[in-house]
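> Model the placement of chain B on the given structure of chain A, informed by the hints.
One-letter residues, chain by chain:
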Amino acid sequence: MSEQTERVRKIRQLIAAHKRWDLFFSMLGLMALMVGVLTFTALFAQMVVDGLPRLSPDFFTSFPSRKPEQAGILSAWVGSILVMIVTAATAVPLGVGAGIYLEEYAPKNWVTDLIEINVTNLAGIPSIVYGLLALGLFVYQFGLGQSIATAGLTLGLLILPVVILATREAIRSIPAAIREGAYALGATKWQTTSHHILPYSLPGIMTGAIIGMARAIGETAPVITIGALTFIAFLPPPPVKAEAPFVSLEWLMSPFTVMPIQMFNWTSRPEAAFHHNAAAAGLVLVVMTLSMNAIAIYIRYRLRKRIKW
Amino acid sequence: MPDTFVSDRLARRKLRHVHERFIESALFLAASVSVLTTVGIVVILLKESFVFFQHVSIWNFLTDTQWTPLFSDAHYGILPLLSGTLVSSAVALTVAIPLGTIIAIYLSEFAPFSVREVAKPFLELLGGVPTIVYGYFALLFVTPLIQKIYPELPGFNILSAGLVMGVMIIPYVSSVSEDAMHAVPMSLREGSYAMGATRFQTAIRVVTPAAFSGITAAYILGISRAVGETMILAVAAGMQPNLTWNPLEPAATITAYIVQVALGDLPHGSIGYQTIFAAGLTLALLTLLFNLLGHVLRKRFRQAY
Numbered sequence: 001m002s003e004q005t006e007r008v009r010k011i012r013q014l015i016a017a018h019k020r021w022d023l024f025f026s027m028l029g030l031m032a033l034m035v036g037v038l039t040f041t042a043l044f045a046q047m048v049v050d051g052l053p054r055l056s057p058d059f060f061t062s063f064p065s066r067k068p069e070q071a072g073i074l075s076a077w078v079g080s081i082l083v084m085i086v087t088a089a090t091a092v093p094l095g096v097g098a099g100i101y102l103e104e105y106a107p108k109n110w111v112t113d114l115i116e117i118n119v120t121n122l123a124g125i126p127s128i129v130y131g132l133l134a135l136g137l138f139v140y141q142f143g144l145g146q147s148i149a150t151a152g153l154t155l156g157l158l159i160l161p162v163v164i165l166a167t168r169e170a171i172r173s174i175p176a177a178i179r180e181g182a183y184a185l186g187a188t189k190w191q192t193t194s195h196h197i198l199p200y201s202l203p204g205i206m207t208g209a210i211i212g213m214a215r216a217i218g219e220t221a222p223v224i225t226i227g228a229l230t231f232i233a234f235l236p237p238p239p240v241k242a243e244a245p246f247v248s249l250e251w252l253m254s255p256f257t258v259m260p261i262q263m264f265n266w267t268s269r270p271e272a273a274f275h276h277n278a279a280a281a282g283l284v285l286v287v288m289t290l291s292m293n294a295i296a297i298y299i300r301y302r303l304r305k306r307i308k309w
Numbered sequence: 001m002p003d004t005f006v007s008d009r010l011a012r013r014k015l016r017h018v019h020e021r022f023i024e025s026a027l028f029l030a031a032s033v034s035v036l037t038t039v040g041i042v043v044i045l046l047k048e049s050f051v052f053f054q055h056v057s058i059w060n061f062l063t064d065t066q067w068t069p070l071f072s073d074a075h076y077g078i079l080p081l082l083s084g085t086l087v088s089s090a091v092a093l094t095v096a097i098p099l100g101t102i103i104a105i106y107l108s109e110f111a112p113f114s115v116r117e118v119a120k121p122f123l124e125l126l127g128g129v130p131t132i133v134y135g136y137f138a139l140l141f142v143t144p145l146i147q148k149i150y151p152e153l154p155g156f157n158i159l160s161a162g163l164v165m166g167v168m169i170i171p172y173v174s175s176v177s178e179d180a181m182h183a184v185p186m187s188l189r190e191g192s193y194a195m196g197a198t199r200f201q202t203a204i205r206v207v208t209p210a211a212f213s214g215i216t217a218a219y220i221l222g223i224s225r226a227v228g229e230t231m232i233l234a235v236a237a238g239m240q241p242n243l244t245w246n247p248l249e250p251a252a253t254i255t256a257y258i259v260q261v262a263l264g265d266l267p268h269g270s271i272g273y274q275t276i277f278a279a280g281l282t283l284a285l286l287t288l289l290f291n292l293l294g295h296v297l298r299k300r301f302r303q304a305y
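In the order they appear, the protein sequences are chains A and B. Yeah, the first sequence ends on 309 if you go by the numbering used here, and it's all consecutive. Yeah, the second sequence ends on 305 if you go by the numbering used here, and it's all consecutive.
Just chain A, same shape as in the assembly:
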């Protein structure tokens, strides 16, 4: 009898020991998450402490300067926005088009396989290699020079896989019944796609496009590689003009700088005063990318809640 209670006791001990492992691992997991949280907090705190005093309206309306107290990010944020316009104009139509083709049109053959493998592999290529492509192709072969157009096209190609994958995923989640219904009423493929598939997948596509843009706005390496200047004390020519046709595309060919390059330039200077500028620019940059990401996450969250097929 006592031998049996002894055995039960041992089994209980064994179970308790295993349960301790469970608890231990839960703690370990939380600690691992905490590493991320702490790093992020430290990063944000460091930038706020260093940079917040520099964030005055003047900081946004001044050009970079040799005197750290007078320097600002005017040319950088204007450049970033203009580059993003070109990037969006490149990546969104191409990415959505490619996504629709692969999901709705592509026949099952080796060409389709090739494209699919390609998209997956492109996502793994280091961004600086895109910079080299752009340097050889856009800057010298096409003669676009070190301009906003080159940077926008480069970043557009860079985020193309993101947009394609998001489009495909969004389209794939639409039930076949929707397509069948449209075909049954005599709609053509494009009518089905443009009237049904595209509108229903729009939130998913937007999520992907915004995440891609958030990535592009923070990309530094490919933009440096194409030879963007780090010291720009003028703005590109305005996109509107007084005489007809009122729209000017001159800004596309203008030299430029972008936010991350401006920040890099200030970070790599030895004077501490410039580091404060870098922190302030970093703060603006982080708020920009994080709010874009947050918008994307929010759209996806609402989408998951709202749509039930």
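Quick caveat, the hints were computed from the structure, so don't treat them as lab data. Incorrect hints may have been included.
Unchecked claim - SDA-like mimics (lysine to any residue), calculated; alpha carbons at most 25 Å apart, straight line:
#1 A:LYS108 with A:GLU169
#2 A:LYS305 with A:GLY143
#3 B:LYS120 with A:MET288
#4 A:LYS10 with B:VAL118
#5 B:LYS47 with A:MET288
#6 B:LYS47 with B:GLU24
#7 B:LYS47 with B:ASP64
#8 A:LYS108 with A:TRP190
#9 B:LYS47 with B:THR63
#10 B:LYS148 with A:VAL37
#11 A:LYS305 with B:VAL118
#12 B:LYS47 with B:TRP59
#13 B:LYS120 with A:THR120
#14 B:LYS47 with A:GLY143
#15 B:LYS299 with B:THR38
#16 A:LYS108 with A:LEU122
#17 B:LYS120 with A:HIS196
#18 A:LYS10 with A:LEU30
#19 B:LYS120 with A:LEU30
#20 A:LYS10 with B:ALA194
#21 A:LYS108 with B:ILE23
#22 A:LYS189 with B:ALA26
#23 A:LYS189 with B:SER7
#24 A:LYS108 with B:VAL56
Positioned in the frame of chain A, the structure of chain B alone reads:
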């Protein structure tokens, strides 16, 4: 009523057909841009490197222990840049792979729903922080912090750049691994629980092996990120080529070198200009090598349900 009545709609069919064809070709062109990008990358890298390798023999490139292409006494040995790249990646992966895997297992098998709902978007945000910001953080926060413990650490060093890069890569490793674990069918877990296994035992001995091919993919993605990462290293690890395996020293990586050259003003067609393409080709081949390795591993360990 005339005896050959053709419906208006039927008459439009031909036009519709042309219209449809046109759209299909346009969409196909959009899809083929990705292929053209790859072709472009390969052609540009090979073309410019080819000119470079007419000046410098491949043997020299691979065995010379000095990289001083911009000096008058020019040496073109990729080894110093390669060592910088490999050491910094190793430091980053020592951080990212264990932490990323633990987080993935925790989120997929242990975490309550509420923790998951908060942690996943947070990790995504962590992955969305621009790398230049991480570079700033490594140079002006992490390096001074480590210098308090180990005062001999130089201002530029691989260690702090690698550590910060590791934290940056965690989300990539954890999210792909977690997706793989999520895809493991519930019945496997239920079977394990039914045999009396605990959560930990189920996670380690059932779910992780079953998801191994996906986890390998996550590691390969992490490695590619580490090898190709540029700004953190350019900012915090210095731009001086240095053949070393010691993470406490400063060293330039392949990517940092490309940035350094691009910041200067090298004339198109000069040998200095061509070096960055040779360096880029090395980087691309390195990533390709790891991806192929990953492909082989995945095939080997793939489990179908």
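> The structure should be examined with respect to each hint, and the outcome stated for every one.
So, going through the hints one by one against the coordinates:
no. : hint                   : in the structure
1   : A:LYS108 with A:GLU169 : holds (18 Å)
2   : A:LYS305 with A:GLY143 : violated (49 Å)
3   : B:LYS120 with A:MET288 : holds (20 Å)
4   : A:LYS10 with B:VAL118  : violated (40 Å)
5   : B:LYS47 with A:MET288  : violated (38 Å)
6   : B:LYS47 with B:GLU24   : violated (34 Å)
7   : B:LYS47 with B:ASP64   : holds (23 Å)
8   : A:LYS108 with A:TRP190 : holds (19 Å)
9   : B:LYS47 with B:THR63   : holds (22 Å)
10  : B:LYS148 with A:VAL37  : holds (22 Å)
11  : A:LYS305 with B:VAL118 : holds (16 Å)
12  : B:LYS47 with B:TRP59   : holds (19 Å)
13  : B:LYS120 with A:THR120 : holds (23 Å)
14  : B:LYS47 with A:GLY143  : holds (18 Å)
15  : B:LYS299 with B:THR38  : holds (24 Å)
16  : A:LYS108 with A:LEU122 : holds (21 Å)
17  : B:LYS120 with A:HIS196 : violated (31 Å)
18  : A:LYS10 with A:LEU30   : violated (30 Å)
19  : B:LYS120 with A:LEU30  : holds (13 Å)
20  : A:LYS10 with B:ALA194  : holds (21 Å)
21  : A:LYS108 with B:ILE23  : holds (19 Å)
22  : A:LYS189 with B:ALA26  : holds (14 Å)
23  : A:LYS189 with B:SER7   : holds (21 Å)
24  : A:LYS108 with B:VAL56  : violated (45 Å)
This entry does not satisfy hints 2, 4, 5, 6, 17, 18, 24, going by the numbered hints stated previously.
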